[in-house]
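Protein chains in written order, with the numbering used here: chain C, 1 to 109; chain G, 1001 to 1115.
If you're looking for bench data, these hints aren't it; they were derived computationally from the structure. Treat each hint with caution, since some may be false.
Some chain C residues judged to face chain G by a derived CB distance under 7 angstroms, without partners named [what the hints assert, rightly or not]:
#1 R31
#2 G43
#3 T49
Positions of the beta carbon are idealized from the N, C-alpha and C atoms, including for glycine.
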Amino acid sequence: EDQVTQSPEALRLQEGESSSLNCSYTVSGLRGLFWYRQDPGKGPEFLFTLYSAGEEKEKERLKATLTKKESFLHITAPKPEDSATYLCAVQGGSEKLVFGKGTKLTVNP
Amino acid sequence: GAGVSQSPSNKVTEKGKDVELRCDPISGHTALYWYRQSLGQGLEFLIYFQGNSAPDKSGLPSDRFSAERTGGSVSTLTIQRTQQEDSAVYLCASRYSGGASYEQYFGPGTRLTVT
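Let the hints inform the model, and build the full structure from the sequences given.
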């Protein structure tokens, strides 16, 4: 059974303090690993797809990396507007996405 | 362009009543998914539609849950005889199936409260 574990559950940073979020996964036949951002009361917003170990993608202050067992979402010099819950999901042999429970990030000014 | 839309945004119902939740996918997206997000839980897959193929219903938690997709576009998720444990946010997502990417795009969700 495909599984995703995210850590930490919650993270508080000061503005400008860089850090990383972790997503550990087990999946049979990885078709893709996905990162989403979710703001309170809204649906998940797509950020990145990673397909194979060694792949990296960047968007503004965010950089996602992938190994065979985990993915990291690196946040460089975060701003208060980066505060949100970040969700990791994997897709294996079926069409469904299997999600972790998320990391709630708070960036204080 | 327009994203995935869902209605209603909020629904409060009494235990035992039936509810219908609606999803309008992104135009041109042939794949449509329903997920449920309960407090403190991750998103849980419910059902998947692709074109005219038979839906994948493997995630539906009980036979009180059903869904249909008319004309390959709009989808309705129906919950019969609602229970308090059905309270959750119901999210719809769609995906373009014609390319090599697999990302799903989500709507804003319907928050269902069963009293």
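Quiz item: Against the structure shown, which of the earlier numbered hints fail to hold, in ascending order?
Solution: Violated: none.
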